[in-house]
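Taking the hints as your guide, dock the two standalone chains into a single complex.
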Amino acid sequence: MSSKRSGLHKPVAAIFTRAVMPEEVRPAGMEPPVQPAPQVPVEKAPQPPKEKERVPEVPQARPQRPRPRPRKGSKIAQQVQHATIQLPLLRPGHGPQEHTQAGLGRLVRAFLGWIKGGQG
Amino acid sequence: MKTLAIANQKGGCGKTTTAVNLAACLAAGGDRVLLVDIDPQSHATLALGWEPAEVGRSMHDVLVKGGVSIRQVIRPYEPIKGLDLAPGSLLLSAADLDLHEVPAKEGLLAGQLEQLDGDYDLCIIDCPAHLSLMLVNGLVASEYLLVPVQTHFCALYGLKRILETVHVLRRRLDCCKVRVAGMILTFVEEKIALSRQIQEQLKDFFGELVFDTCIHRNIRLAEAPSAGQPMIIFDPKDKATAQYQALSQELRARLQALSVGGT
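Quick mapping for you: the protein sequence lines, in order, are chains A and B. In our numbering, each number is its position in the first sequence, counted from 1, plus 1. In our numbering, each number is its position in the second sequence, counted from 1, plus 14.
These aren't lab readings, by the way, just hints derived from the structure by calculation. Incorrect hints may appear among the rest.
[As the list claims (entries may be wrong)] Below, a list of computed lysine-lysine pairs in the PhoX-like style, where the Cα atoms sit at most 20 Å apart:
id, chain 1, residue 1, chain 2, residue 2
1, B, LYS217, A, LYS11
2, B, LYS217, B, LYS205
3, B, LYS174, A, LYS11
4, A, LYS5, B, LYS174
[As the list claims (entries may be wrong)] Residues from chain A that keep clear of chain B, each with C-beta distances beyond 12 Å, as calculated:
id, residue
5, ALA29
6, ARG107
7, ARG110
8, LEU113
9, ILE116
All C-beta atoms in this analysis are idealised placements derived from N, C-alpha and C, irrespective of residue type, glycine included.
One chain only, chain B, in its complex shape (with noise of 0.2 Å):
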């Protein structure tokens, strides 16, 4: 099982978003998907049409209070088979309070995570913005890092945080292998000049880490969420589904090259 973290220093450039359509896109390809919504905001549940304070067990049954495995949390998403979902709590705000004498946290998720190998063909984890616990989590447990970069300014200052604390965290903690997989440009909007120019010079500075396929700023993708559903379901025939379509294959095909090449 590849695990990819899907993480941006900066709220609002599309984390969930992206996550919660790679994942259904991937389900919909034919691999066996898990979406792990550690963010205290429970988007992703949401956007999977589970209300999060209703949810019953979350993560963070798992990753708090503690006996209870991950397996016995993980929902399947009815409408798309191979899709199940790990479904995220608001009360994840606090694990930084109540996890703060636990040794060995920042390994939890990447512990539950070891229970599923050979379940899955992928596990995508949706973190949170500000750095964290379960931010920390959501790295150490991954192989990889997706980062959904707005373009906009700040919102490369964010991309600056993720891949500063991915280069201090593979310093200090041994058990965090996490490498970046690219970047994905999200809200662009041709048509606008900063747009423009920001995809550009990220394409010169980064080279091939910036994914080809982009996603576009589309209204339907912040509609999708109030129906309980992904942009496949939802919209089939919209732009933002073939974006994101395309964006899992090339994803695919990266996640292939890395773990064959190992560079």
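In isolation and in its complexed conformation, chain A is listed as follows (with noise of 0.2 Å):
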């Protein structure tokens, strides 16, 4: 919006009045302006002295869980246990620790035929 009005449109006072100004140039009454605190370098605590090298942290070896007992089942399930260690259907790697839980059902079915075979 353009003012028509001719002249200074803010006074020469608002300038002045909360400006920073030597002691003799402030008007009498005038309180100096609020300032805020010089900012004094805060002294950190020492510290020790950095390692030349630090040294990388060899992660160590996870301390190994005990072996989880078997569960105490039915009679079958231990002699599962036991008979799997001769089980010649079973190739290496394809041990019952390598088994999931969905596989170990054909694994008693594949031992059960086993006995009843050995049986017959």
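The following block contains the structure:
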């Protein structure tokens, strides 16, 4: 919006009232503006000297968890636990530990069939 | 020897014109006056008839190159007995870079002027407008500061800035003792409302710090440097000459009062 009024649109006092200025210039009765406290450098707490070369931590081997004891289950299950060692159907790398629970049923069925076959 | 810096952190407000014509009027009135030009524009040197690029040794040799004392660069202004000039140089514009590793670089000019104590009644230092090492040197070397204030709005902010600079320098540098001797209104136009209002309001706010004498807008003040002469030689009967003569008398009385009263 334009102004057609000629002259000063901001009073001189508005510029200088809050200005930082030497004491001899400041009009009598005018308080100096509140200035932020000067920033004093804060002394840092002494820190231990840095190691020249930081040796990377060697990851320690995890303590091996004790092997879970087989649950006590039915007599057949106990027999399966022992019998799998000698199972001819199991190939290396396909022992009972490698089998998932889903495969366990298949194993049991194979075992039972082997027993029945053996008996027959 | 009293030292007076003429400074305002706004360009084109009449610093050099005031420095040259005050120095000339005071010398014509019988004082021994040294005008020191530390403005890289070197217009004070130009206004007294020396071409800055051809002046030979200058304040650049004294303050930046070193190995040259201020006595070796001072030259008399022949038309007015008692007026000498320490010429400026365009090379002073790089002084901030050239001197950035020099210890106590703020007091280089003050150290040089100490050698001249007793040779002059008054040393007038024409300072640059921008906040630079040369401006700081001028303020540190001076006892008093005179601020020319153009009666335009932006010049008020230049005045505000230079007052802040003085305040900060006095707090941070023990060697800085400069105090504000006053403000002189320049480019005054009585018929212009803006000019009148600034004049009145500055006097209301700062009181006696604003000199009674004011310098009116006058094309002769712009013409005189082209002849390499101050107004008192260029056109002794012009109104501007009378105004600078009145200002020189008012300034002489004020500096006397300040040095005696210390207030």
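These are the hints, each one checked on the structure:
1. A distance of roughly 16 Å separates the Cα atoms of B/LYS217 and A/LYS11; the hinted pair therefore holds under the 20 Å criterion.
2. Proposed proximity of B/LYS217 and B/LYS205 is supported: the alpha carbons are some 18 Å apart, at most 20 Å.
3. For the proposed pair B/LYS174 and A/LYS11, the alpha carbon gap of about 15 Å is at most 20 Å, so the pair holds.
4. For the hint linking A/LYS5 to B/LYS174, the alpha-carbon distance of about 27 Å lies beyond 20 Å, and the restraint is violated.
5. Under the 12 Å C-beta cut-off, the non-interface status given to A/ALA29 relative to chain B is violated; the minimum distance is some 8 Å.
6. No Cβ of chain B approaches the Cβ of A/ARG107 within 12 Å, the least distance being about 84 Å, so the stated non-interface status holds.
7. At the 12 Å boundary, the C-beta of A/ARG110 stays outside the reach of chain B, the nearest C-beta of that chain being 90 Å off.
8. For A/LEU113, the non-interface assignment is confirmed: its Cβ lies about 94 Å from the closest Cβ of chain B, beyond the 12 Å cut-off.
9. Look at A/ILE116: its CB is around 96 Å from the nearest CB on chain B, clear of 12 Å, so calling it non-interface holds up.
In this structure, the hints that do not hold are numbers 4, 5, in rising order.
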